[in-house]
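Chemist: Chains as they are written, first to last, in numbering that gives the first Met the number 0: chain R, 0 to 323; chain V, 0 to 380.
Don't take each hint at face value.
Facing chain R, from chain V, some residues (calculated, C-beta under 7 Å) [what the hints assert, rightly or not]:
| no. | residue |
| --- | --- |
| 1 | Val53 |
| 2 | Leu55 |
| 3 | Thr63 |
| 4 | Glu165 |
| 5 | Ala203 |
| 6 | Thr205 |
| 7 | Tyr266 |
| 8 | Ala300 |
| 9 | Met329 |
| 10 | Leu341 |
Since the hints were made in silico from the structure, they are not lab data.
Where is the CB? At the ideal position from N, CA and C, for every residue including glycine.
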Amino acid sequence: MANEIRLVEAIRQALDEEMGRDDSVLVYGEDVGVSGGVFRATKELRDEHPDRVYDAPLAEAAILGLGVGLGATGFRPVAEIQFASFVYQGFHQLQQHAARLRSRTRGTLGVPMTIRMPYGGGIRALELHSESFEAGYAHLPGLKTVVPSNPADAKGLLTSAVRDPDPVVFLEPTSRYRASRESVPEGEHTVPLGEANVVREGEDVTVVAWGAMLAEALSAVDDGDLDADAEVVDLRTVSPMDSKTILNSVRKTGRCVVVHEAPRTAGLAAEIIARINDDALYYLEAPVERVTGYDVPFPLFAREEAYRPDAERIRRGIERALSR
Amino acid sequence: MTRERVAEFSVEYVQALDESGEVDSAEAPDLDDEELLELYRLMRLSRRMDERAVALQRRGELGTYAPGVGQEAAQVGSATALAPEEWMVPSFREGAAFLARGAPIHRILWYAMGMEEGAEVAGPNFPPSIPVGSQALHAAGIGWGKEIAGEEEAALVYFGDGATSEGDVYEAMNVAGALDAHVVFVCQNNQWAISTPRESQTRAETIAQKAVAAGIEGVQVDGNDVLGTRAVTRDALESARQGDPVLIEALTYRRSMHTTSDDPRVYRTEEEETGWDARDPIVRFEQYLEAESILDEERAADIAEDIEALIADEIDRAKEGQKRVVPAEMFDYVFAEPTPELRRQKAEFEREEGDGEVATPEEGMSGEERAGGGEVSGRGE
Ligand SMILES: Cc1ncc(C[n+]2csc(CCOP(=O)(O)OP(=O)(O)O)c2C)c(N)n1
Chain R
0 MANEIRLVEA IRQALDEEMG RDDSVLVYGE DVGVSGGVFR ATKELRDEHP
50 DRVYDAPLAE AAILGLGVGL GATGFRPVAE IQFASFVYQG FHQLQQHAAR
100 LRSRTRGTLG VPMTIRMPYG GGIRALELHS ESFEAGYAHL PGLKTVVPSN
150 PADAKGLLTS AVRDPDPVVF LEPTSRYRAS RESVPEGEHT VPLGEANVVR
200 EGEDVTVVAW GAMLAEALSA VDDGDLDADA EVVDLRTVSP MDSKTILNSV
250 RKTGRCVVVH EAPRTAGLAA EIIARINDDA LYYLEAPVER VTGYDVPFPL
300 FAREEAYRPD AERIRRGIER ALSR
Chain V
0 MTRERVAEFS VEYVQALDES GEVDSAEAPD LDDEELLELY RLMRLSRRMD
50 ERAVALQRRG ELGTYAPGVG QEAAQVGSAT ALAPEEWMVP SFREGAAFLA
100 RGAPIHRILW YAMGMEEGAE VAGPNFPPSI PVGSQALHAA GIGWGKEIAG
150 EEEAALVYFG DGATSEGDVY EAMNVAGALD AHVVFVCQNN QWAISTPRES
200 QTRAETIAQK AVAAGIEGVQ VDGNDVLGTR AVTRDALESA RQGDPVLIEA
250 LTYRRSMHTT SDDPRVYRTE EEETGWDARD PIVRFEQYLE AESILDEERA
300 ADIAEDIEAL IADEIDRAKE GQKRVVPAEM FDYVFAEPTP ELRRQKAEFE
350 REEGDGEVAT PEEGMSGEER AGGGEVSGRG E
């Protein structure tokens, strides 16, 4: 059985089903209860699970720190940070505690917390509501970082995240929340963390993307002007990274373009290219291209289209990779 | 064993102008008719700007906008007590305070149109702070600088009731007290932080008492009373200028939505909203001014007409500026001196995208034009 729903509804469905399955799952965050969250991802969840959905005071350090305490002592907290850019108000709790409690207690205590955060541009939002910081989370050992690009994966990955014994940062691309209705399996549906997905097979060039950039990558490769058979890989989990799927694809095509919305310098493309250099260098027929945001603070929305990679820019990146 | 009381605290509530328009002259500031009319004009101007901005947003001409409807007295009363050369550090709902500081409307609109041009500050004003509560520390920093420099000036910072749950706000009050920083903290307690009511935010009975833990003075004022707010802020500034910071809790009510993306009907009742009709800051002040024969119908109509004309002009000006946005300018202000990599990225951008779809750099706005009309005036007491 499958139903056609949007990404934001898939998230709600995953939370609802996991709360139904496991009494220890607890949902909380700013405005998630009565109003159902600013994006309505937790809409009416409290009606169904009245004792397990809470409006938290406006304090991100508290939201994350509470999760460490709850998680280490028997709950499965699913905390929402209203917008990813406000995680910094509590970042020390992620970096200094959530990500390392297991290591420093030699496995005695763990933090099975999921931190949901809307992120990314494309919705004409206010300042500091559009940043992409996945590389920052990936730089914290002990933290897993997941980015769904479509409704079915959103449900499957979030379910896996909630069940995971370790802290998982779950980044929700705001521009995809209501972008399309797609078929999502009803009932039990999991997508394993740490596995990339080849969403389109091809022979000439590999395009690696995730989150909101996946749709742009797909429209770039489906563009009639592009004279190439491209393979598209949806990374899905940015950390731990599924290098194997990327490497296998690059070994086949010999060319690669990595796309991300985050700034270029020290972005995840750099890590992906390093892994290709380590393990597939001699398969490459051209240097790996990257199509990314620029090294500027994410602009207010009058300039955001200029900042964000789109299908056009990605197509040019693919053409560069093909022409060298 | 000993058990004794080692400290006791209380919080005062101040009101000068009550809900029926009566003034307690012991609490009211000493202002002449022109000054009173200016407070009135600023509140009306702010209300009208918010109404027009929300309408523009609904037509897709602005992005998300946070109206300050209902909070005009809290902002105008406090911002006009600050001397023009002293620093104002706003949150994101301070339209009225910006107007009181002389900021031009078109710049406020530019910010809501997603243009950095709107956040170019003129005079001693910080741009809006979107991360809740984080700006309180900047004001503490400014105020500490005044103490170090031995200057009798203070900074004034705005934040909401929700913000007082953030660690930064407590840290700011605490360091300000410890360092004798010249700063006045103004919490506009408008009863709601998006959908979260004040009672779910903290168990503390008042926000003002949050000053107690930091060792600074806290006071509550009727934030819908422009005269009381002005007087309390005047006193707080006098104290802050000598190194004694103060937290003011202005009790008010956000009469419209949190932002244009919010729907308050999901979390509060119409009875609650209409219950504040009689306490509206503008209605109350108007009653007073009329009773004192400072304002009559004709004068009120003239003021309204001037406001309409000004806003219409400013909207035109904002739209003109919007047509001249140069996208490649996003590279220009990252550092004082662009790095080689940024220069390379800008060149790549211009080669691939052109410098902008709508304008060439020559046609773009000059700094002077951008700052135009930005003469900042404020009035001290
Ligand atoms: C650090 C941070 N967390 C969350 C948000 C999202 N957010 C914006 S406004 C707001 C509520 C603010 O309430 P309050 O401080 O009472 O000010 P008000 O909006 O009522 O003026 C929230 C949660 C934010 N901007 N910054």
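Chemist: Evaluate each hint against the coordinates.
Modeler: Results of checking the hints against the structure:
Interface restraint check for Val53 of chain V: the shortest CB-CB distance to chain R comes to about 15 Å, outside 7 Å, so the restraint is violated. Contact between Leu55 of chain V and chain R, as hinted, is not supported at the beta carbon level, the nearest pair being about 14 Å apart and thus beyond 7 Å. The closest approach between the C-beta of Thr63 of chain V and any C-beta of chain R is roughly 5 Å, which is under the 7 Å cut-off, so the hint is satisfied. Interface restraint check for Glu165 of chain V: the shortest CB-CB distance to chain R comes to about 6 Å, inside 7 Å, so the restraint holds.
A least Cβ separation of about 11 Å between Ala203 of chain V and chain R goes past the 7 Å threshold, and the interface hint is therefore violated. Taking 7 Å as the C-beta contact cut-off toward chain R, the hint placing Thr205 of chain V at the interface is violated, the least distance being around 16 Å. At a threshold of 7 Å, the smallest CB-CB gap from Tyr266 of chain V to chain R is about 5 Å, leaving the interface hint in force. This hint is violated: Ala300 of chain V has a C-beta 36 Å from the nearest C-beta of chain R, more than the 7 Å allowed.
Hint status for Met329 of chain V: holds, given a least beta-carbon distance of 5 Å to chain R, under 7 Å. For Leu341 of chain V, the suggested interface contact is upheld, since its CB lies about 6 Å from the closest CB of chain R, less than 7 Å.
Violated hints for the displayed structure, listed by number in ascending order: 1, 2, 5, 6 and 8.
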